[in-house]
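S.K.: Once you've looked at the hints, dock chains X, S and D against the given chain Y.
Residues per chain, in single letters:
4 protein chains.
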Amino acid sequence: MFPMLYKAVQGINSRSVNATVTETRVRYAETDQMGVAYHANYLVWCEMGRTDFIRQHIKSYAEVERDGVALAVSEANVRYHSAARYDELLRIHTTLTDVRSRALTFSYLISRVADDEKLASATTTLVALGSNHRPISIPAELRARLEAVAGP
Amino acid sequence: MFPMLYKAVQGINSRSVNATVTETRVRYAETDQMGVAYHANYLVWCEMGRTDFIRQHIKSYAEVERDGVALAVSEANVRYHSAARYDELLRIHTTLTDVRSRALTFSYLISRVADDEKLASATTTLVALGSNHRPISIPAELRARLEAVAGP
Amino acid sequence: MFPMLYKAVQGINSRSVNATVTETRVRYAETDQMGVAYHANYLVWCEMGRTDFIRQHIKSYAEVERDGVALAVSEANVRYHSAARYDELLRIHTTLTDVRSRALTFSYLISRVADDEKLASATTTLVALGSNHRPISIPAELRARLEAVAGP
Amino acid sequence: MFPMLYKAVQGINSRSVNATVTETRVRYAETDQMGVAYHANYLVWCEMGRTDFIRQHIKSYAEVERDGVALAVSEANVRYHSAARYDELLRIHTTLTDVRSRALTFSYLISRVADDEKLASATTTLVALGSNHRPISIPAELRARLEAVAGP
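Protein chains in written order, with our numbering: chain Y, 1 to 152; chain X, 1001 to 1152; chain S, 2001 to 2152; chain D, 3001 to 3152.
In isolation and in its complexed conformation, chain Y is listed as follows (with noise of 0.2 Å):
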């Protein structure tokens, strides 16, 4: 089901196996008086992604916090292409794009399911803290796995 999407999203992306889709349906507490989703609401959605990306590859992100590895965002850059509207079924689209000693950067494609209309893309860089929530070298195992999984 899957494949037919990743032909349908351009550039970099497309090219990853590894990219992982998560599903979430625009909610009305979403919108704004503008009649679309809110656009703070994108970087919630990413998160979405994030989590389900890491799920898959590796475990729940809530056992990667339990393990003393917590992932802070650092950057967040968005560009909005479209309009997302209330009970629009959405569809993000999430790659591991760098994996470095302390830090990760994830892309997403946030497209309309209905027409495959790219809504936005954007990228996350976090940093790895540890429990005292000071910057850490990411675990070796954990940054072994991130990188099988990371994407071109």
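Since the hints were derived computationally from the structure, they do not count as laboratory data. Ideal Cβ positions, reconstructed from N, Cα and C, are used throughout, including at glycine. Please note that a few of the clues may not be correct.
[Unchecked claim] Listed below are the simulated EDC-like cross-link pairs for lysine to aspartate or glutamate, each with C-alpha atoms no more than 20 Å apart in a straight line:
| no. | chain 1 | residue 1 | chain 2 | residue 2 |
| --- | --- | --- | --- | --- |
| 1 | S | K2059 | S | E2147 |
| 2 | Y | K59 | Y | D98 |
| 3 | D | K3118 | D | E3023 |
| 4 | Y | K59 | Y | E147 |
| 5 | Y | K59 | Y | E141 |
| 6 | X | K1059 | X | E1141 |
| 7 | X | K1118 | S | E2075 |
| 8 | S | K2059 | Y | E88 |
| 9 | S | K2118 | S | E2088 |
| 10 | Y | K118 | Y | E23 |
| 11 | D | K3059 | D | E3141 |
| 12 | D | K3059 | D | D3098 |
| 13 | X | K1059 | D | E3088 |
| 14 | S | K2059 | S | D2098 |
| 15 | S | K2059 | S | E2141 |
| 16 | Y | K59 | S | D2087 |
| 17 | X | K1118 | X | D1087 |
| 18 | D | K3118 | D | E3088 |
| 19 | D | K3059 | X | E1088 |
| 20 | S | K2059 | Y | D87 |
| 21 | S | K2118 | S | E2023 |
| 22 | X | K1118 | X | E1088 |
| 23 | Y | K59 | S | E2088 |
| 24 | Y | K118 | Y | D87 |
| 25 | Y | K118 | Y | E88 |
| 26 | D | K3118 | Y | E75 |
| 27 | X | K1059 | D | D3087 |
| 28 | S | K2118 | X | E1075 |
| 29 | X | K1059 | X | E1147 |
| 30 | D | K3059 | X | D1087 |
| 31 | Y | K118 | D | E3075 |
| 32 | D | K3059 | D | E3147 |
[Claimed, not checked] Covered stretches of chain S, going by a simulated chain X footprint (3 or more residues, C-beta under 8 Å):
| no. | stretch |
| --- | --- |
| 33 | 2034–2045 |
| 34 | 2070–2077 |
M.R.: What follows is chains X, S and D alone, placed relative to chain Y:
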């Protein structure tokens, strides 16, 4: 400055000398496509009022938590009378209407500052939780201080 | 007063052939520093359940709004029994428990899928508003369709 | 690429006579289970800063919308430097750094009031939309007023 407000609001709250008043402006993020503030946000505004009440009469709720007592909402009731709109300045009028061994009840009136129109009334009941998230009795000293500022 | 509600809610939902079930996973954005889902989010989940109920039994609520009828929440009551945590899958069980000329009441049970533990029960009452945001009677055809799926 | 942005943002804000300052306190609802403010909320705070900037220098954004011009976010970039925590008072420092025929760019610095620590820097670009939600040129009079308060 606030006595006029107290006269304007009706019932229990208007008699409480310990009521606190919090103001907030409706954010664009808080509106929905009906063009008014989304109804779940009223619970957030109640929490702002409760935070101010506790800070003003006891100490910062952040300190209460650091002392090992969390207050978790166990029940919430809101009646919506009129809609709040984007950029309107709101006033949250908070009273502590009941103190028991393990629970507190706060009452709120939310009104629009411009015309003093009542927008919503609400109550929330909170239970005390210890550091392991299990219900505990409210520590005696904290309870005494809360009882001293509870309204009729 | 609430024990009766309890009996009513539990009984109604388990017997209602028209109940709908919605699932959602707790987002990181929905947690708070107590480590559990923030209480106002339960009203958002209720709205998701209500949206699904209306879509399944009537038509998309987006269409209802386009037809000139908005349903605005006039009262909300939530009782919290146990905490929802990050990444847990939740189930929202929705029934329409009352239909009047100008208002509807929905009841909800929110439970954790993993162990079927009941997390919260809630009711919301909604009033019909016309295009100018004034209360109207629910149009006859819509009301008849709602009454047909209202549960005992 | 970003160091230049940094120099630009810091320089501009400190020199701009038209910068506006908005204060807000971190709400419990805005925290997440990491014990800090959830990252998407920074975009909401930027919007509060932008609303105040427009109100102070032009007129209420609510009036701008009623005049038939909506400003929709087309791009958002946030760099997070340090975490905001519950109940901390924050300051949002807003400047208008670019005005074009169809788009505006605002820059923001978010800092903690208690110790003046910089928590985040951000930019958002907004495009003008007409009543049918299609891109339009910013009306001449509005554009002239915006250019008059744009920072170097």
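S.K.: If you test the structure against every hint from before, which numbers come out violated?
M.R.: none
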